[in-house]
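Visitor: Please build the complete structure, drawing on both the sequences and the hints.
Sequence lines, in order, name chains V and L.
Quick note on our numbering: the first sequence kicks off at 1 and runs consecutively.
Quick note on our numbering: the second sequence kicks off at 1 and runs consecutively.
If the Cβ cut is set under 10 angstroms, some of the chain V residues that face chain L in the computed set are:
| hint | residue |
| --- | --- |
| 1 | 5 |
| 2 | 27 |
| 3 | 203 |
| 4 | 205 |
Where chain V lies over chain L, by a calculated footprint (3+ residues, C-beta under 8 angstroms):
| hint | segment |
| --- | --- |
| 5 | 30–40 |
| 6 | 111–124 |
| 7 | 159–166 |
Derived by calculation from the structure, the hints in this document are not laboratory data.
Ideal Cβ positions, reconstructed from N, Cα and C, are used throughout, including at glycine.
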Amino acid sequence: MTRSDGDIERQLEDWLNDEARPMPPHVLESSLEAVSRTTQVGGRPRFGIRLNQRLLMLAATAAVLVLVVLGGPTILVNLAGLFGPQPGAGPTSTPTHVLLWDPAADFLEPPNQQNPSPDRYGNERVWGYMRSWDGQYEADRFFALPNFDVALLQWYERDLVNLHVSRGPTGNDISLHGWSDGNRSNNRAAILAWRSPISGSVTVSGTVEAEDDCPDPADGVFFSVARDAETLEAFHLALGQGRSFRFQTTIEVGQQLYFINDPGADSSCDTAVLLVAITSE
Amino acid sequence: MDRELVERAQQGDEAAFAALAVRIGDRMFAIAHHVLRDTARAEDAAQQALIDIWRHLPELKDPDRFQAWAYRIVVRAAYAEAKHQRTWTLKTMANPTEGTTSPDHAGAIADRDQLARGFDRLPMDHRAVVVLKFYAALSNDEIAEALGIPEGTVRSRLHYSIRTMRAGLEADAR
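Guide: This is the structure:
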């Protein structure tokens, strides 16, 4: 059978795509860990503190040597007790590698969609696609969205028009749209929730944009980030406006971060597109 | 690729870089794997490439060209990884052939086996051109820039590769 170059090229393209393997998570983790120790070319030195630490360690080592010479092994044993593990100290859930959570990358497509859904590390119930009970945003009155639109990749609730949390059009972000009847106290905010599988410090870095382009006047969206009941970031976005945010916070296993899109006092043109990364320190 | 993320990572924002790494990681690993045809080496190459990308990101003048630039770095990391061992063996991944298949399906599987064998027979620098062309969907001039070779060389390597693949497919069909 004679094949044209185009036939072979198409076969090759299909085969290469089918054979492509995703990057194993441990490769990404170890790479990011190495990055955290690597200075960028032309970037700011990242070892200033460590240099100081090394000088301190050198000084401490010299002091220990002097004490050993002068005071004998008893002093050394006592000093070792100061720096060694404390009695009764158990394992911690502090991560030893840089971990990263990206809601768009973790978003599960049909037929595997789940709410809540796991993260890339296999931790269960990490991502939640939710709505508020009303316009008072209290974490114990956030509810999982029950329905999923397989065509639009949207979590939604049938009786609340336009309310959804979905993977955005580029596949790189999450799209949220709340519901309003015109009375803000009745609003149903669209919420993306992240339940922390770790304890420690995390950096939350993201961009959110009120992307709808509506012919009619609209009041934009009111976006906030909360850790359980505590608001960490809150701002208003007019239509077409975007804003970046970045902050560090400490978190315990099971605590939740909520990314909340409040539609304001009108019920349309309230899509917020969120691109966010949560990284462990 | 998100320009703002690239710009923030250029300024030393590790979280932005982490988000970028998630977005390009799978493709980078797949490119390394296609070029090297070895999972462990592809892991090493992809990791080194991510570190190199972070280190040299401030030198990237046009953030919109981030993706092609990153692919260049991963291909170079794959080349470097291959040089670490003088005699390395090509490993082909077995295709599942269990179960009943229709004649068309069986033919498709046979084609895939032949494609895999033909691809493995290509020199590594030819595989890199084929992967950047047909997997990463770069244009010939982007491939030339990525690999540091003239565009004419890209065309000739593609021509040779297709000819070799065709010869393998047609020989097996006879």
